[in-house]
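Protein chains in written order, with the numbering used here: chain A, 1 to 101; chain B, 102 to 408; chain C, 409 to 631.
Derived by calculation from the structure, the hints in this document are not laboratory data.
Beta carbons are placed, not taken as given, at the ideal position from N, Cα and C, and that holds for glycine.
Just to be clear, a hint being listed does not mean it is correct.
Non-contacting residues of chain A with respect to chain C, defined by C-beta distances greater than 12 Å in every case (computed) [unchecked claim]:
hint, residue
1, Val58
2, Glu72
3, Arg78
Computed spacing ranges between beta-carbons, pair by pair [said to hold, decoys possible]:
hint, chain 1, residue 1, chain 2, residue 2, range
4, B, Leu251, C, Glu538, 35 to 45 Å
5, C, Glu627, B, Ala129, 51 to 61 Å
6, B, Asp217, C, His549, 36 to 46 Å
7, C, Leu550, B, Asp352, 50 to 60 Å
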Amino acid sequence: MILKAFERGADGVMVVGCLEGDCHYLSGNIRAKARVARVKALLDQIGIGGERVAMFNVSAGEGTKFARFATEMVEKVRALGPTKINLARGAKNRSESCPIA
Amino acid sequence: MKSQSNLERVLEAGHFAVTTECGPPRGANPDAIRKKGQWLKGYVDAINVTDNQTSVVRMSSIASCVILKSMGFDPIVQMVTRDRNRIALQSDILGAAGLGMNNILCLSGDHQTFGDDPEAKNVFDIDSIQLIQLVKMMRDEGKFPSGKDLDGVPRFYIGAAENPFAEPFEIRPIRLAKKADAGVDFIQTQCIYNLDRFEKFMEQVRALGVHTRVKILAGVTPLKSAGMAKFMKKNVAGMDIPDHVIKRLADTPKEEQAAKGLEICVESIQRLRQIEGVAGVHIMAIEWEQKVPEIVERAGLVPRPAV
Amino acid sequence: MIIGQQKPIAVVLEMISPYEKIVLAGCHGCVTVCRAGGEKEVEIVASALRLAREATGRPIEIKEVTLERQCDPEYIEVIRPYVHDYQAVLSIACGAGVQFLAEKFPSVVCLPGLDTTFIGVTEQQGVWAERCQACGDCILHLTGGICPVSRCSKSLFNGPCGGTTADGRCEVSKDIPCGWMLIIEKLRSLGMLDSYRRILPMKKWRTSRDGGPRRIVREDLKG
Numbered sequence: 001m002i003l004k005a006f007e008r009g010a011d012g013v014m015v016v017g018c019l020e021g022d023c024h025y026l027s028g029n030i031r032a033k034a035r036v037a038r039v040k041a042l043l044d045q046i047g048i049g050g051e052r053v054a055m056f057n058v059s060a061g062e063g064t065k066f067a068r069f070a071t072e073m074v075e076k077v078r079a080l081g082p083t084k085i086n087l088a089r090g091a092k093n094r095s096e097s098c099p100i101a
Numbered sequence: 102m103k104s105q106s107n108l109e110r111v112l113e114a115g116h117f118a119v120t121t122e123c124g125p126p127r128g129a130n131p132d133a134i135r136k137k138g139q140w141l142k143g144y145v146d147a148i149n150v151t152d153n154q155t156s157v158v159r160m161s162s163i164a165s166c167v168i169l170k171s172m173g174f175d176p177i178v179q180m181v182t183r184d185r186n187r188i189a190l191q192s193d194i195l196g197a198a199g200l201g202m203n204n205i206l207c208l209s210g211d212h213q214t215f216g217d218d219p220e221a222k223n224v225f226d227i228d229s230i231q232l233i234q235l236v237k238m239m240r241d242e243g244k245f246p247s248g249k250d251l252d253g254v255p256r257f258y259i260g261a262a263e264n265p266f267a268e269p270f271e272i273r274p275i276r277l278a279k280k281a282d283a284g285v286d287f288i289q290t291q292c293i294y295n296l297d298r299f300e301k302f303m304e305q306v307r308a309l310g311v312h313t314r315v316k317i318l319a320g321v322t323p324l325k326s327a328g329m330a331k332f333m334k335k336n337v338a339g340m341d342i343p344d345h346v347i348k349r350l351a352d353t354p355k356e357e358q359a360a361k362g363l364e365i366c367v368e369s370i371q372r373l374r375q376i377e378g379v380a381g382v383h384i385m386a387i388e389w390e391q392k393v394p395e396i397v398e399r400a401g402l403v404p405r406p407a408v
Numbered sequence: 409m410i411i412g413q414q415k416p417i418a419v420v421l422e423m424i425s426p427y428e429k430i431v432l433a434g435c436h437g438c439v440t441v442c443r444a445g446g447e448k449e450v451e452i453v454a455s456a457l458r459l460a461r462e463a464t465g466r467p468i469e470i471k472e473v474t475l476e477r478q479c480d481p482e483y484i485e486v487i488r489p490y491v492h493d494y495q496a497v498l499s500i501a502c503g504a505g506v507q508f509l510a511e512k513f514p515s516v517v518c519l520p521g522l523d524t525t526f527i528g529v530t531e532q533q534g535v536w537a538e539r540c541q542a543c544g545d546c547i548l549h550l551t552g553g554i555c556p557v558s559r560c561s562k563s564l565f566n567g568p569c570g571g572t573t574a575d576g577r578c579e580v581s582k583d584i585p586c587g588w589m590l591i592i593e594k595l596r597s598l599g600m601l602d603s604y605r606r607i608l609p610m611k612k613w614r615t616s617r618d619g620g621p622r623r624i625v626r627e628d629l630k631g
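So here's chain A without its partners, still in its complex pose (with noise of 0.2 Å):
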């Protein structure tokens, strides 16, 4: 899923999950992190470049902070620049990132 935001023209991903230990589905946040993190090494090895996926733990309520970290996350992925795959179709430098929760 990570992987095919990429295809589709995203210049970064933004996972979102549950404080540790809070998770409703138990552990699908520990899950989540062990696999943003094998996705984070397969974008380093194909060029791609592992930090432009990061993972962030809020609640519900937490408002405030989920907003602090997706602007990190744009500015972060905007400082990067477009991908690779971007560059070559000719896109705009627009940075997007897509908040999957």
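Take the given structure of chain A and dock chains B and C to it, following the hints.
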């Protein structure tokens, strides 16, 4: 007598035997062997030549043994099953015998990951116990394992190694008994620093009656320093160096530690001689072969018997 | 099951570099269980390859398919209708699967995306370990159900060697338990330790790969 081996004669006559070992050169230069041989003349009953020990390539054991034989020694060819299948092993057994060798030490061999060629194919067609059986069959029945007759029978005095200190400890005497069942004539043990534990091992060996079937030579290695002792304790699998031995060295000033190491070695030999079932000593002075004469002399084992 | 591991993505990219249109074929069998070549892995590898190729300015078209197995002819036939429209098949099944594809489609380039490693078991999720060397002459009844050929680094039949460490590991690596320690412990717990004294004779390696590539023909099941 099963062979023309000097070691066999010495042991059968009831003398306390002395053997030592020699590492061949890491190249084609035979002078390295000749030099080591010169130090050892008159101090040992037989000399082992290692077979690509720790999987590090050296001049072959048989070739090196030929050089030592020409100097008047009775060499012990070491043969590992790591690198050669049963066809090559049989061929080398016949070749060694044809060149006048009388002693063979049957080993599995250190795994090739230890050496310079870790990518090499792992042979281990047979193990050390099966190799003992193979040599015995060729010697006593004059036949190949296939059943066909041998044109010239290899008359070897057959040896093997045993490590009294490796886990599982209580199995080691039984494994020694297995080697006796396979037909081994003599055993050389891994070097001993923990004499108490070795005595326990020999108790069990005697309980199994193995000491009357097989001549057991206790292994010793002189320690050059406390550092060497610590290194070996940490890095060599199956090595048991008690802390009190290390302390004895560590408490000695650095420049005297080598002398202390020799002293401990000589004391060990004297204590080992007293243990029932120990028929001799195997001195492994790794890269310190020139000290062997001193050790043998101080242990009161000179002159070597001429049987 | 057969355990395999994905080749590094850089190696795979090198392999597929001459091609613009490939099939990526996974397998629902063993490689799914060891998370190397199943449907999920097909999706991920395909995505990664497409991203990598596009980033270097040479996009690649990948047809993703996961076959029931790649070692039975019926399941391979599934791709016959379209396989010749592609330049190569990258298979992330085991080596047997890759070869069978190559056999069934002689004019198609078949590439291995996996390194097939061993026959083994899942010790725990994420940890697979070797158990069987397929030697063709099983003696597990003599060694308490633990194989000396595959679990002893030296395949000793009358082990252990002198290299067992103080904590029961093999001299080769502390990640490897001493195979003969395991056998002895098992014989002991079965009350069969007496059998340890018996010398096991030289192994007949002819039934193993040493005797040449093997084949089993069951006349009663043929045709």
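So, going through the hints one by one against the coordinates:
no., hint, in the structure
1, Val58, "holds (27 Å)"
2, Glu72, "holds (24 Å)"
3, Arg78, "holds (19 Å)"
4, Leu251/B / Glu538/C: 35 to 45 Å, "holds (40 Å)"
5, Glu627/C / Ala129/B: 51 to 61 Å, "holds (57 Å)"
6, Asp217/B / His549/C: 36 to 46 Å, "holds (40 Å)"
7, Leu550/C / Asp352/B: 50 to 60 Å, "holds (51 Å)"
The structure meets every hint from the earlier list without exception.
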